[in-house]
Structures are given as C-alpha cells and as structure tokens.
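Undergrad: Below, each chain spelled out in residue letters.
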Amino acid sequence: NAGVTQTPKFQVLKTGQSMTLQCAQDMNHEYMSWYRQDPGMGLRLIHYSVGAGITDQGEVPNGYNVSRSTTEDFPLRLLSAAPSQTSVYFCASSYSFTDRLNTEAFFGQGTRLTVV
Amino acid sequence: GDSVTQMEGPVTLSEEAFLTINCTYTATGYPSLFWYVQYPGEGLQLLLKATKADDKGSNKGFEATYRKETTSFHLEKGSVQVSDSAVYFCALLNDYKLSFGAGTTVTVRA
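Chains as they are written, first to last, in this note's numbering: chain F, 1 to 116; chain P, 1001 to 1110.
Be careful, since some hints might not be right.
[As the list claims (entries may be wrong)] Here are the computed lysine to aspartate or glutamate pairs in the EDC-like style, where the Cα-Cα straight-line distance is at most 16 Å:
no. : chain 1 : residue 1 : chain 2 : residue 2
1   : P       : 1052      : F       : 73
2   : P       : 1052      : P       : 1042
3   : P       : 1097      : F       : 26
4   : P       : 1068      : P       : 1054
5   : P       : 1052      : F       : 59
6   : P       : 1097      : F       : 59
[Stated by the list, open to error] Now the stretches of chain P that chain F is said to cover, found in silico as 3 or more residues with beta-carbon under 8 Å:
no. : region
7   : 1043-1052
8   : 1095-1107
[As the list claims (entries may be wrong)] So these bits of chain P aren't anywhere near chain F, every CB distance computed over 10 Å:
no. : residue
9   : 1004
10  : 1007
11  : 1015
12  : 1060
13  : 1061
14  : 1067
15  : 1068
16  : 1069
17  : 1074
18  : 1081
19  : 1083
Simulated from the structure, these hints should not be mistaken for laboratory data. Ideal placement from N, C-alpha and C gives every residue a C-beta, glycine not left out.
Extracted from the complex, chain P is given alone in its bound form (with noise of 0.2 Å):
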C-alpha cells in the first residue's frame, strides 16, 4: 500500500535558521503530494500541494518540489519564525486516501 516516511524530530533551530524536513512516499500510480501543519491544540490545515511531478509548492516562505525520479518531497523554509513551531505532516493522495507521514516537532527559538 502507499506510505510516507518522513525524517524524525524533534528538530529545534534558532530564529532565521533554514529548515528542511525529509519526506519521502511510495505510492502506485501519480499521487498528489500535501504539507499540512497542526499548530497546538488545533486540527490540520494545508501548507502546500502539488498534483504532479516537478511541480513546485509554495506558501508562507514555505517551499517543496514534487521530484518522481526520486520520490521525494522535501520542505525547505530559508528562514524560520518562532511562529512557525509546529507538527509538519508529509502526505499523498492516491485512490481516494490520504496517507500521513508520522509528523515532524519543529520549535523555533528566539
């Protein structure tokens, strides 16, 4: 079945650091490819998407490029705000489903 594996936390970085988060999928077909990202105490929203290969996603200063020879994902933020400490989820969409990577802590310090 398809799944998502995405680099493990907890990842802390100071204030303008760059962060990248790995994600990677294995999925039958061409799947879409999402960033969500859940704030403390709140549900999920959509950070970025991308429905098809070498799209690139982009929202908040938040980047990732839809790379199938690879089968990767990647986010990349050049530089991070306290504000975006969060839980980063990796996930595609195949055949109805959405599937989640584990989930990736990131806490930005000042």
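If we strip away everything but chain F, and leave its shape as in the complex, we get (with noise of 0.2 Å):
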C-alpha cells in the first residue's frame, strides 16, 4: 500500500528557477489537493482538484501551477521561484469530498523546499 507518494522529500532551488513537485496516489482517489504549510499558519491550500481534468485554486495560488491528466497524478509546478516559497508542501487525496463518510485525507510525506 504506497498510498500517497510524494518526490523530492528535499529540494534547494536557486531564485527565478522553476521545478515541478510530483504527486501520486494509488487509491483511486477523485480528488487531490496541495498545501503548504508555514510555521504558526497551519495548511493553507494552493491548488486542487475534483477529477482528472478538473482544477481550481485554493486559497495561495500565485506562482503555482498544477493540471490533472489523470487520476493518479498531481504534479505541482513552481513557475519561478521565490524565497517566499520556502515552505513545506503536502499533496493530500480523499475518496470523496461530498460523500460525509468517505472524506478522510491522506497526506505524503511532504516536500521540504528552500529557495535561495
């Protein structure tokens, strides 16, 4: 059971380059979401989606890109990165988000990134 898997777990980017953060699940899950979580901030959500082919913007977008060809993948791109993006990022999946007794999120292991 791999469950959520999420790579790098460490990444050091220099200012203005841009990298992708890949996520993968193995459960079939429909929807998948990105957050970043920030010392004393909790999860903020960048970016997520309902289904393959289907996303929407969370509550920090900027400077984030994501698209969802299929099921299984979630890719985030960092377009041109910024030491405000220093952060570390988690993909989460969930069986559902509309049905009340299948809504568990399950996290990765989180991707530590610090741009310099």
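Dock the two chains into a complex; use the hints.
TA: Below you can see the structure in the form of structure tokens.
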C-alpha cells in the first residue's frame, strides 16, 4: 500500500528557477490537493482537483500551476521560485468530499523546499 | 470564508495528565470537522472526525464533540502518554475545501 507518494523529499532552488513537485496516489481517489505548511499558519490550500481534467485555485495559488491529466497524478509546478515559497509542501487525496462517510484525507510525507 | 481557530501552543504536559485543545470555527452551511495529528517528520493523519452536530468522534483515547451552537470541536484526552507528543490540527471540510487551524504542538514528558 503506497498511498500518497511525493517526490522529492528535499529540494534547494535558486531564485528564478522552476521545478515540479510530484504527487501520485494509488487509491483511485477523485479528489487531490496541494498545501503548504508554514510555522504558525497551519496548512494553506494552494490548488485542488475534483477529478481528472478539473482543477481549481485554493487560498494561495499565486506562483504555482497544476494539471490533472490522470486520476493518479497531480504535479505542482513552481514557475519562477521566490524565497517566499520556502515551505513544506504536502499533497493529499480523498475518495470523496461529498460523501460524508468517506472524506478522510490521506497525506504524503511532504517536500521540504528551500529557495535561496 | 471558512476559518478555524485553535488554541496556541506549545503545550507541555506530564504523562497521565488531562489534555484539552480548544478549536472553534466559522463556516457557512454544514461542514464536517476533523482532528489531524502530525508526528515529527511525517505527513498528517486523521485522528477523528464528526460529520454533523452533536456527533462525537473518538480514537486512541481522544474525543471531540461537534457543537454547532458554540461552533466548537474541542479535543480531549483523559491521560496522555509520551507517544502522544505531536502537532494537532483542527480542520473543517466545506464546499470541497479542507481548512486547517494553525496547529498546536503538544509535548508530553515522562
């Protein structure tokens, strides 16, 4: 049972560089999302997807792009990295967000990103 | 928009002490409420949940009751252990979005 897999676990970028954080789940979940975790601020939603081909913005989308071409994968792209994007990034998936009995979110282990 | 407010930490307790972490929320409609726990170096995992008013979620000795009249979902445990040391997040689900509180760091000393 792999669950939600994020790669890489650690990354250092220079300001202005671009990169893609990978997220894959093997539970056939429809709903996937990306969060960033900063001290004292909890987790803030960046982008989410309710199914393949459908994405929407969360609370802090600026500077990030996503796409969902398959049910399994939901990559997060940083277009031009800035020091303000230094954070820990978590990907999560859920079977459903409308069926109240099946709304548990499963999280990956996180990617610690530092932008210098 | 929706928001979750939980008590600030850090909280330091001795083993077998009583733990309570306050959580209140603001939301339209009828959100589901959750407590997630994060152990060092790991992602979040679900601790318990409640999907409607007056529901009580419970797991591993932790409990929380969905109180719509006070818009609260306080987490309690009667006797904590060292292994309960972690960061605890209150969260609500509404309109496809999961919103989190800032997190409360709990340290339990032997």
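Undergrad: Determine for every hint whether it applies to the structure shown.
TA: Hints and how they fare:
Note on residue 1052 of chain P and residue 73 of chain F: the hinted pairing is violated, with a Cα-Cα distance of about 32 Å set against a maximum of 16 Å. A C-alpha spacing of about 29 Å is found between residue 1052 of chain P and residue 1042 of chain P, which places the hinted pair above 16 Å, so the restraint is violated. About 21 Å separates the Cα atoms of residue 1097 of chain P and residue 26 of chain F, which puts this hinted pair outside 16 Å; it is violated. With a C-alpha separation of about 7 Å, the suggested pair residue 1068 of chain P and residue 1054 of chain P falls inside the 16 Å cut-off, and the hint holds.
A distance of roughly 25 Å separates the Cα atoms of residue 1052 of chain P and residue 59 of chain F; the hinted pair therefore is violated under the 16 Å criterion. In summary, the hint linking residue 1097 of chain P to residue 59 of chain F is supported, as the alpha carbons are separated by about 10 Å, within the 16 Å threshold. Note: the region 1043-1052 of chain P has 7 residues with beta-carbon separation from chain F under 8 Å; the three-residue rule is met and the coverage holds. As drawn, the region 1095-1107 of chain P meets chain F at 8 residues by the rule of a beta-carbon pair under 8 Å; at three or more, the given contact holds.
For residue 1004 of chain P, the condition that its CB be more than 10 Å from all CB atoms of chain F is violated, with the nearest at approximately 8 Å. Once the 10 Å rule is applied to beta carbons, residue 1007 of chain P is consistent with being away from chain F; the minimum gap is 13 Å. Every CB of chain F lies more than 10 Å from the CB of residue 1015 of chain P, the least distance being 27 Å, so the non-interface label holds. Once the 10 Å rule is applied to beta carbons, residue 1060 of chain P is consistent with being away from chain F; the minimum gap is 15 Å.
Once the 10 Å rule is applied to beta carbons, residue 1061 of chain P is consistent with being away from chain F; the minimum gap is 19 Å. Remark: the non-interface label on residue 1067 of chain P is consistent with the geometry, its nearest Cβ contact in chain F lying 18 Å away (cut-off 10 Å). With a cut of 10 Å on Cβ distances, residue 1068 of chain P stays outside the contact zone with chain F, its closest approach being about 15 Å. In this structure residue 1069 of chain P is separated from chain F by more than 10 Å, as the shortest Cβ-Cβ distance comes to about 20 Å.
Interface exclusion of residue 1074 of chain P from chain F stands, the closest Cβ pair being 17 Å apart, more than 10 Å. Every C-beta of chain F lies more than 10 Å from that of residue 1081 of chain P, the closest at about 23 Å, which supports listing it as non-interface. No Cβ of chain F approaches the Cβ of residue 1083 of chain P within 10 Å, the least distance being about 19 Å, so the stated non-interface status holds.
Checked against the numbered hints given earlier, the structure breaks hints 1, 2, 3, 5 and 9 and satisfies all the rest.
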